[in-house]
Amino acid sequence: MAKKKTNKINILVDGKPITIVEDNFLLPDLLKNNIAIPTLCHHKDLTPNGSCRLCIVEIEERGRKRLVTSCNFPVRSEIKVETNSEVVKKYRQNLAEMYLGRWPNVEIIQKVARECGATDKDKYKSYLTEDSAHACILCGHCTRACNEFIQEDIIDFAGRGIKRHIAMPFENVDPHCVGCTSCAYVCPTGAIQVSDNRNHPVNAKLIQEHGMKVNAEMATLDPYQCRMREVGTANIVEVMNNYDLLPVKNFKYGTHEDTWRIDSNMMKKSYFTQGHPDQCWHGCSMACAKAVEDFELRTGPYKGHKVIVDGPEYETAAGSSNMGCFDMDFCVEYNFYCDTYGIDTISFATCMAFVMECFENGIIDKKDTDGLELNFGATTDTLEILHQMARGKGFGVEVGQGIKYLKNKWAEKHPEKADFVRDIGMEVKGLEFSEYVSKESLAQQAGYSLALKGPQHDEAWLIFMDMVNNQIPSFEDKAEALYYFPLFRTWFGLYGLCKIVWNDVVPADNAQKHPPQIAAKIPEHVENYWKFVEGMTGRKVDEKIMLDESAKVHNLQKIMGLMLGKNSFEDDIPPYRAVGPVTEEEYESRQERYDGQLKELGFDIDDKTTPEKMAILRKYRYEQYDKVQKAAYKRRGWNEKGIPKIERLKELGIDLPELVEIIEPLQ
Amino acid sequence: MAKIKREDLARIAAQENENQSKYKKMLMVCTGTGCVSTGGFDLKNKLSEILKEKGIDNDFIAVATGCNGFCAVGPIIVVQPEGTFYQKVNPKDLEEIVESHLLNGKTVERLLHKNPVDGAINEKMDNIPFFSKQQLIALRNKGLIDPENIDHYIARNGYEGLKKVLDENQPDSIIKEVVDSGIRGRGGGGFPAGVKWQSGKKAAIDKNEEIFVVCNADEGDPGAFMDRSIIETDPHTVIEGMLIAAFALGSKEGYIYIRAEYPLAMDRLQIALKQARAYGLLGDNILGTDFCFDIHIHRGAGAFVCGESTALMRSMQGHVGEPRAKYIRSVEQGFRDKPTVLNNVETYANIPEIIRKGAAWFASIGTGNVKDNPWGGSSGTKVFSLVGDITNTGLVEVPMGITLREIIEDIGGGVPGKKRFKAVQTGGPSGGCIPAEKLDMPVDFDSLTEAGSMMGSGGMIVMDEKTCMVDVARYFTNFLVDESCGKCTPCREGLFAMRSILDRICAGDGKKDDIEELERLSETVIKTSLCQLGGSAPNPVLSTIRYFRNEYEEHINDKKCRAGVCKPLIQYHINDNCTGCRVCAKNCPVDCISGEAKKLHVIHQDKCIKCGICEESCKFDAVTIE
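If you read the sequences in order, they're chains A and B. Be aware that the first sequence starts at 1, since it is given in the working numbering, and climbs by one per residue. Be aware that the second sequence starts at 1001, since it is given in the working numbering, and climbs by one per residue.
Among the clues, some could well be false.
Label pairs and their computed distance ranges (CB to CB) [said to hold, decoys possible]:
{"id": "1", "chain 1": "B", "residue 1": "R1299", "chain 2": "A", "residue 2": "G304", "range": "33 to 39 Å"}
{"id": "2", "chain 1": "B", "residue 1": "D1337", "chain 2": "A", "residue 2": "G371", "range": "38 to 44 Å"}
{"id": "3", "chain 1": "A", "residue 1": "T129", "chain 2": "B", "residue 2": "T1624", "range": "53 to 59 Å"}
{"id": "4", "chain 1": "A", "residue 1": "D131", "chain 2": "B", "residue 2": "P1263", "range": "42 to 48 Å"}
{"id": "5", "chain 1": "A", "residue 1": "P169", "chain 2": "B", "residue 2": "E1049", "range": "48 to 54 Å"}
{"id": "6", "chain 1": "A", "residue 1": "G392", "chain 2": "B", "residue 2": "A1301", "range": "54 to 60 Å"}
{"id": "7", "chain 1": "A", "residue 1": "V202", "chain 2": "B", "residue 2": "D1337", "range": "55 to 61 Å"}
{"id": "8", "chain 1": "A", "residue 1": "K16", "chain 2": "B", "residue 2": "T1449", "range": "33 to 39 Å"}
If we take Cβ atoms under 10 Å as the criterion, some of the chain B residues that face chain A in the derived model are [as the list claims (entries may be wrong)]:
{"id": "9", "residue": "K1133"}
{"id": "10", "residue": "L1136"}
{"id": "11", "residue": "L1480"}
Dumping the calculated DSBU-like pairs for lysine-lysine here, alpha-carbon to alpha-carbon at most 30 Å [what the hints assert, rightly or not]:
{"id": "12", "chain 1": "A", "residue 1": "K90", "chain 2": "B", "residue 2": "K1252"}
{"id": "13", "chain 1": "A", "residue 1": "K269", "chain 2": "B", "residue 2": "K1207"}
{"id": "14", "chain 1": "A", "residue 1": "K80", "chain 2": "B", "residue 2": "K1511"}
{"id": "15", "chain 1": "B", "residue 1": "K1202", "chain 2": "A", "residue 2": "K89"}
{"id": "16", "chain 1": "B", "residue 1": "K1202", "chain 2": "B", "residue 2": "K1357"}
{"id": "17", "chain 1": "A", "residue 1": "K44", "chain 2": "A", "residue 2": "K303"}
{"id": "18", "chain 1": "A", "residue 1": "K5", "chain 2": "B", "residue 2": "K1559"}
{"id": "19", "chain 1": "A", "residue 1": "K125", "chain 2": "B", "residue 2": "K1252"}
{"id": "20", "chain 1": "A", "residue 1": "K44", "chain 2": "B", "residue 2": "K1512"}
{"id": "21", "chain 1": "A", "residue 1": "K3", "chain 2": "B", "residue 2": "K1326"}
{"id": "22", "chain 1": "B", "residue 1": "K1619", "chain 2": "A", "residue 2": "K5"}
{"id": "23", "chain 1": "B", "residue 1": "K1207", "chain 2": "A", "residue 2": "K163"}
{"id": "24", "chain 1": "A", "residue 1": "K121", "chain 2": "A", "residue 2": "K163"}
{"id": "25", "chain 1": "B", "residue 1": "K1527", "chain 2": "A", "residue 2": "K121"}
{"id": "26", "chain 1": "A", "residue 1": "K3", "chain 2": "B", "residue 2": "K1207"}
{"id": "27", "chain 1": "B", "residue 1": "K1025", "chain 2": "A", "residue 2": "K80"}
{"id": "28", "chain 1": "B", "residue 1": "K1202", "chain 2": "A", "residue 2": "K8"}
{"id": "29", "chain 1": "B", "residue 1": "K1511", "chain 2": "A", "residue 2": "K123"}
{"id": "30", "chain 1": "B", "residue 1": "K1338", "chain 2": "A", "residue 2": "K8"}
{"id": "31", "chain 1": "B", "residue 1": "K1357", "chain 2": "A", "residue 2": "K269"}
{"id": "32", "chain 1": "B", "residue 1": "K1512", "chain 2": "A", "residue 2": "K4"}
{"id": "33", "chain 1": "B", "residue 1": "K1202", "chain 2": "A", "residue 2": "K90"}
{"id": "34", "chain 1": "B", "residue 1": "K1527", "chain 2": "A", "residue 2": "K16"}
{"id": "35", "chain 1": "A", "residue 1": "K417", "chain 2": "A", "residue 2": "K540"}
{"id": "36", "chain 1": "B", "residue 1": "K1202", "chain 2": "A", "residue 2": "K3"}
{"id": "37", "chain 1": "B", "residue 1": "K1326", "chain 2": "A", "residue 2": "K5"}
{"id": "38", "chain 1": "A", "residue 1": "K125", "chain 2": "B", "residue 2": "K1560"}
{"id": "39", "chain 1": "A", "residue 1": "K121", "chain 2": "B", "residue 2": "K1207"}
{"id": "40", "chain 1": "A", "residue 1": "K65", "chain 2": "B", "residue 2": "K1326"}
In case anyone wonders, no lab produced these hints; they're calculated from the structure. Keep in mind that this is a model prediction, so the values were computed, not measured. C-beta: ideal position from N, C-alpha, C; glycine also.
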């Protein structure tokens, strides 16, 4: 990942000392220090291109003086800067005269000309002179916005020298332009204007302002944060591996030495081909969707074909590690066939991981699998299962029934190992777990298990804020998060809005500006969504309105689940693999951590065996889970059994007789 | 062709030399672009046919070579080994050459070179002044090898430099050798190549990134064809130079950026790359070692600014060729933002010889002392294309430090006709014009810069007294207005403003302060432009003001153009020499000449369009310009 340098360098500007971060361009820091520098091509959110030349300053480096353009001059040594020397003034005036001669009536040029002492409008008057006050002054804001904000090149410069002008390819209107309005937004003269708002929003300007904030953050912050534009969600693979949270071998472990074979660097280096706008929604400035082209399949009905594969995402790679398959070719292939067959990659991977652990522990053997060797890492046989699942033949059909079915069946078959099978079968409410190790994150355990549709994090992806950013340390924080985030994310779903632009890039000062619990919400980005709704519909949204809107639906969903016989208290309890170490080897792999925790809690474990310590830990962790489960229910306005209280329905205005009828007996 | 190992080079060379020694004579037919345009290929094919018809093709062979440099007298055939030089050869002459020279040992005198100055006949190539004062390093194989046959190159010590560096396996000492040779970039900037390699290698190591080796063959100066000729004549020397650079730098991938309007050079380069790959001189495990490197060709579309390094790299990446600020240099962040070492064709062409013969040998040629500091002088030779009002138009390679006079008068044969030399423009369109009184100055990087011009890539345009220096400045400024990419304001707007002023001066509308305004604009453009195109663009204006200020003043104050070039400032008149022959009147396209036969004619100024046809058609010097 690109890293910003943090070294500070002391420089002298007009005799005054200023501290500047190494490699920073000079101009933004000069402006921050209230030093007036004229410029016609600089824009705070765009890469400087140094074309107007007005921001020239004189620098002295190792005794040698020279002129540089401050907008794109990176500071690398202790220089002296003169921003307004006679030489600088002389050239600025001449440059401003050139501008004035060509575009005499453009307001910002008139302003710059005044600042630079250029008064003679006629000096360079020629047949090129344009009288319009809204003339294009070739600053290039629009072309850079097109390229940097949404990674397109719909408009660019055409023509050389004095024939330089802004155009779309071949001087035609390019149908690929999605009308994102970035170019018009950054145009300083009004040369580019939006003539039609096809969706007829109530307040287009409000949407544009917040949209451009997002665009600017994507262009300027993403390369240093999550690299969503570069590698998409796959950037999380190595982060999770480093934090011991990447599911390895059916969630047993959180890290593996071979993770580099399936991480985002590997994908970028040897797999991703469509580096250019391949966003799932054309016009999205994050453009996190990636693709692999010309991938030759090794198995299945399309064996030998070269195909385009949409992905892999984080979860696809983490699914691979969960199956112990640290093989990128395999990852891309199972990604492709899952997509082609209409099978969910996550459910498949988690289910296979369970099957593999059962195979390795003798719960099933080759007789059950029709001769397939389903150890962890069995790439070829795993793909065969996938094909069988699609063909409707062989052991794959069994696997296709899912973990809930399998674990009941196998637990019955092996009563002596029934507990083990139930502990490692990673499903809740019949849905397979998504690909994060929740063992060490109470918040994520509850986030997964309380989710109404099953352990899927689009309700509450709390693991990052809990474990990586450490933003919700206390019990109350976790309960609050389990109230807020499911509602917040349900609200996204209600409006059909993508969640990724909410938190995969955050404002540069988010962590400094807010206390951790608030920072976790990324308030400025939540506001973007409110303003978007307001701009479209004219209806103002704030946190209360948002949460109330969402809570209605969330409670409705909950009751529907109850109606279907799910969503009971028991249905919200995860298998132990999601909460703590099931096996001895698992415990011992993190012994230091677990022993430490037990000691910290006041348990005397010095003489205890591993199974004894595991039993203590298990009891403790399920107690903790129980507490957080109940705390979350309470915060949601549900009773101890997780049933919405009738008064809560009243509060929300959804105490309809049909609903009350379902929950009344459960109160 | 099978892949070869290091020890096979000597065997191939010996084999090829033995092949060639079987022939009594080899007829080297020049097929550089200049000679091709006058029928070089036809000549070669016809000659081969004749030799075959006569059944003497076991004794004699016609070989198509690259450019000999003496383009003014093409097509050229040189008979080797004796070096007899035949010029302006017509296919009809071939029969005679074969019969007389080859079969009867009698030179065909009428096709020999005759010195236009003193009429002396020179039979041997080496005795012709055009050749005798040259010293060949980059062009060492010109006229002596078939550029499309790699064995010819190998037979003349080709790839020995590469073998040497592979044998020694000391990449850093290669760089040191190049630094010590003092070779400075032949493409225009004159930056010491070895220092560039050092910085590139350091950046690649510091950043732990791959490094690219790029060859700039985007020769854009009007009238310049050094790089084209080197590639047409000896493509393998460029490839070998790049290979040595790649080995020194640890690069695996190289590019040659060549303009698409060089089809012959492109063909020969492609053939050369193919042959080099077939021999295993490019690709994986070069000559059986661990060294892997290959070269791709990138065709440029011909924009002048793409010769600028950063614009060239942007163009290679598929973007519009526009330069960027060089505060972070390309050696650190160049092609695909990776460390990139870019050198010019001629620079690479010198490298194999520097490696083979040593830095001290190279440094001993030229001016100044580069022993401890590569900026301390100009070592080696430089190739120049000599064009304009000069007798021997062509391509020459001379040691640095030679005087302009030696190049123009001795090698170039001076200005043709009775006209006097006025100035020489060096360094391409953004070079400067050097006047007659400076003819004895040495030609090297620093002296040319001091004189207000520059070395550039080696263009040399000679101008005689019928050249108007204001018009010259206007011509080059106009070229640069067209070729400026338009990205930065001073280059785009400033040059245009300068051209507008020059236009009005040439149109007779010059204003009192125009010279000062030109100087002021020039300064702004030089000091504030983004790249060196703008940074040097005012040179033609400034150097002509410096040396020919009086011509500007005449144009502005007296409304006169002494060279008779600026039409609005001149009038055609008929003087007493007129015999009344009516020729001018008949040829005048606007019928503005009146007068009866055998009587003095008169030009009516109100109708005259100053096309000059009357002056050209008058046999009696009766039309004068005032």
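Consistency of the hints with the structure:
1. R1299(B) x G304(A): 33 to 39 Å: Taking Cβ atoms as reference, R1299(B) and G304(A) lie about 35 Å apart, which means the hint holds.
2. D1337(B) x G371(A): 38 to 44 Å: At roughly 52 Å between Cβ atoms, G371(A) and D1337(B) fall outside 38 to 44 Å, so the hint is violated.
3. T129(A) x T1624(B): 53 to 59 Å: 41 Å, violated
4. D131(A) x P1263(B): 42 to 48 Å: 46 Å, holds
5. P169(A) x E1049(B): 48 to 54 Å: For P169(A) and E1049(B) the Cβ distance comes to about 51 Å; the hint holds.
6. G392(A) x A1301(B): 54 to 60 Å: Taking Cβ atoms as reference, G392(A) and A1301(B) lie about 57 Å apart, which means the hint holds.
7. V202(A) x D1337(B): 55 to 61 Å: 44 Å, violated
8. K16(A) x T1449(B): 33 to 39 Å: Hint holds: Cβ distance 37 Å, inside 33 to 39 Å.
9. K1133: Violated - the Cβ of K1133(B) stays beyond 10 Å from chain A, reaching only about 40 Å at its closest.
10. L1136: Status violated, d = 37 Å.
11. L1480: With Cβ-Cβ at 8 Å, under 10 Å, it holds.
12. K90(A) x K1252(B): 48 Å, violated
13. K269(A) x K1207(B): 17 Å, holds
14. K80(A) x K1511(B): Roughly 41 Å between the alpha carbons, so the hint for K80(A) and K1511(B) is violated.
15. K1202(B) x K89(A): The hint is violated at about 38 Å.
16. K1202(B) x K1357(B): 26 Å, holds
17. K44(A) x K303(A): This hinted pair is violated, its Cα atoms lying about 51 Å apart.
18. K5(A) x K1559(B): 62 Å, violated
19. K125(A) x K1252(B): 52 Å, violated
20. K44(A) x K1512(B): 44 Å, violated
21. K3(A) x K1326(B): Distance of about 21 Å is within 30 Å: holds.
22. K1619(B) x K5(A): Cα-Cα ~78 Å, so violated.
23. K1207(B) x K163(A): With a Cα-Cα distance of about 40 Å, the restraint between K1207(B) and K163(A) is violated, given a limit of 30 Å.
24. K121(A) x K163(A): Holds, because 21 Å separates the two Cα atoms, which is no more than 30 Å.
25. K1527(B) x K121(A): OK: K1527(B) and K121(A) at ~23 Å, within 30 Å.
26. K3(A) x K1207(B): Given that 30 Å is the threshold and the Cα spacing comes to 13 Å, the pair holds.
27. K1025(B) x K80(A): The given pair, whose Cα atoms are some 70 Å apart, is violated under the 30 Å limit.
28. K1202(B) x K8(A): 24 Å, holds
29. K1511(B) x K123(A): 13 Å, holds
30. K1338(B) x K8(A): 25 Å, holds
31. K1357(B) x K269(A): The given pair, whose Cα atoms are some 42 Å apart, is violated under the 30 Å limit.
32. K1512(B) x K4(A): Violated, because 55 Å separates the two Cα atoms, which is more than 30 Å.
33. K1202(B) x K90(A): 39 Å, violated
34. K1527(B) x K16(A): 26 Å, holds
35. K417(A) x K540(A): It is violated: about 57 Å lies between the C-alpha atoms, which goes past 30 Å.
36. K1202(B) x K3(A): The hint holds at about 20 Å.
37. K1326(B) x K5(A): 20 Å, holds
38. K125(A) x K1560(B): Status holds; Cα separation ~26 Å.
39. K121(A) x K1207(B): 50 Å, violated
40. K65(A) x K1326(B): 16 Å, holds
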